[in-house]
Amino acid sequence: MLGAMTSAVTIRGLRVRRGRVQVFDGLDLDIAAGRLTGLIGPSGCGKTTLIRSIVGLQIVQGGDVTVLGRPAGAPELRHRVTYSAQNDGLYRDLSVRDNVAYFAQIAGLPGSEVDRVIAAVGLAGQAKQRADSVSGGQFRRISLAIALLGRPDLILLDEPTVGLDPVLRADLWDMFARLARDGVTLIVSSHVMDEASRCDDLVLLREGQLVAATTPAGLLAETGLADADQAFLELIHRAEGVQP
Amino acid sequence: MTTPQFAATAARVLKQLRNDRRTIALLVVMPSVLIGLFAWLFNSGQMFQRVGPVVLALFPFLMMFLVTSITTLRERTSGTLERLMTTPMTKSGIILGYATAFALFAVVQSLIAVLFAVYVCDLTLAGSMAALLVFAVADALLGTAMGLFLSAFARTEFQAIQFFPLFIVPQIILGGVFMPIDQMPRVLEILARCFPFTYGIEGVANIAAGLGGWDVWRPFLVVVAFVVGFIVLGSLTLPRRTR
Ligand SMILES: Nc1ncnc2c1ncn2[C@@H]1O[C@H](COP(=O)(O)OP(=O)(O)O)[C@@H](O)[C@H]1O
Ligand SMILES: [Mg+2]
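Keeping their order, the protein sequence lines are chains Y and S. Mapping to this note's numbering: the first sequence position 21 is 21, numbers consecutive. For this note's numbering, add 244 to where a residue sits in the second sequence, where the first one is 1.
If you are wondering where the hints come from, they were derived from the structure by calculation, not from laboratory data. Each hint can be trusted.
Going by beta-carbon spacing under 8 Å, a handful of chain S positions derived as facing chain Y:
{"id": "1", "residue": "Thr247"}
{"id": "2", "residue": "Gln249"}
{"id": "3", "residue": "Ala252"}
{"id": "4", "residue": "Asn263"}
{"id": "5", "residue": "Ser322"}
{"id": "6", "residue": "Met329"}
{"id": "7", "residue": "Met333"}
{"id": "8", "residue": "Arg484"}
{"id": "9", "residue": "Thr486"}
Ideal placement from N, C-alpha and C gives every residue a C-beta, glycine not left out.
Take these sequences, add in the hints, and give me the full structure.
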């Protein structure tokens with residue numbers, strides 16, 4: 001069903017080696033535009049490597065990664081694609097606003113855009129606080145605010161909800177859903193299977209292999225199970241069953 | 245009106261420094277304290293007149309090397325550099341931003357140190373104070389450029405600090421302060437003439453001694469050439485894609 005929609009990201013034959021690990025050995029994947037796609041799999045399965053490949057930070061050994069019709073990492077994409085890494089990527093010794101304002105200036109965006117994104121993530125009250133003095137959840141949202149700068153077409157978020165309390169996680173997923181409804185393509189990784197139900201589309205990975213590219217409903221329908229966690233395990237068992 | 249990337253980066257680096265009061269105090273006050281110590285030790289005599297100008301060259305170079313090494317290493321390890329690489333930020337924006345911030349800082353630092361040396365410690369300055377300041381800022385930029393480049397080879401702040409005895413101390417020992425370069429053993433003389441900071445010291449010493457013209461321009465141009473060289477090398481250590 002993904003083929004029927006326009007793809008924001010097209011990956012063909014992607015091969016990536018990191019250190020001694022062959023993370024991907026010929027990965028093919030399409031990610032639909034204007035949807036919230038969850039990149040889900042256990043720790044070490046290659047989520048970060050895949051996101052880095054899409055944003056153009058990863059040295060790859062082969063294959064094509066096309067993002068919004070351009071090769072991944074092309075200079076003209078840097079205004080349209082934003083990325084928030086798993087570990088912060090913030091200036092801890094600067095205020096919340098100074099952090100956001102710096103990345104806005106780099107992109108040539110006005111001060112009003114800084115205020116907009118800070119308000120959008122609910123940090124207006126903390127704007128003057130130093131980044132290292134806010135709570136863990138607020139700290140994550142600074143990163144998110146920067147990813148919202150300039151209304152990008154594609155936002156890549158690597159485990160944005162890890163370590164946050166359930167209420168905060170729910171808030172963030174609501175926000176991702178709102179963005180997708182406004183036409184933004186979001187690729188959000190998580191190693192927590194229960195976040196799968198919050199996504200429009202799912203990409204399930206295991207040890208660099210694509211286990212399934214589906215939807216939350218499709219996952220349950222295909223396995224006949226009611227629980228996403230169990231459905232994922234079932235798919236892995238099936239995959240191992242056919243390839244001894 | 246949008247802010248140029250290098251100006252935004254310089255402002256950001258200076259804001260980070262401003263938020264670290266202790267480091268600012270150290271950078272601004274330390275050179276004067278040590279110059280005062282030398283003046284006291286040598287009772288502002290002959291030896292101080294020799295060492296004083298060198299200390300004026302040393303501090304901008306040394307401190308900017310350390311500060312740049314640590315801040316750029318932090319930029320690499322905290323993931324901010326990686327984030328910058330996904331934005332429209334240019335490499336020249338990053339490097340010129342750092343150079344501008346630390347040059348501005350070096351002006352303040354050197355101005356205070358020179359005024360203190362001349363008016364409090366009675367350092368006789370035969371040449372122009374303005375020329376001395378310009379040279380001190382060039383030395384600071386040399387430290388910044390070397391720090392930008394070398395920090396790429398450190399994984400931790402501890403490793404970055406180790407570059408100090410490895411790359412900086414030999415340049416001070418062989419810089420011509422302890423023994424004139426042409427009296428050194430041949431091998432050390434050659435080594436000394438290859439070191440960038442030798443020219444950083446030579447220029448400042450010549451200005452203090454009242455020499456002018458080529459005696460100042462030659463070491464100045466050598467320092468500038470090294471700054472440009474290290475900045476070019478430094479930009480090669482900022483790849484957009486990594487493993
Ligand atoms: N810098 C690196 N050097 C060597 N191996 C790495 C590096 N980063 C990741 N790997 C390896 O690549 C694989 C995929 O890692 P990663 O993409 O970070 O997974 P995930 O984000 O799903 O946890 C893992 O086996 C990991 O050990
Ligand atoms: Mg990861």
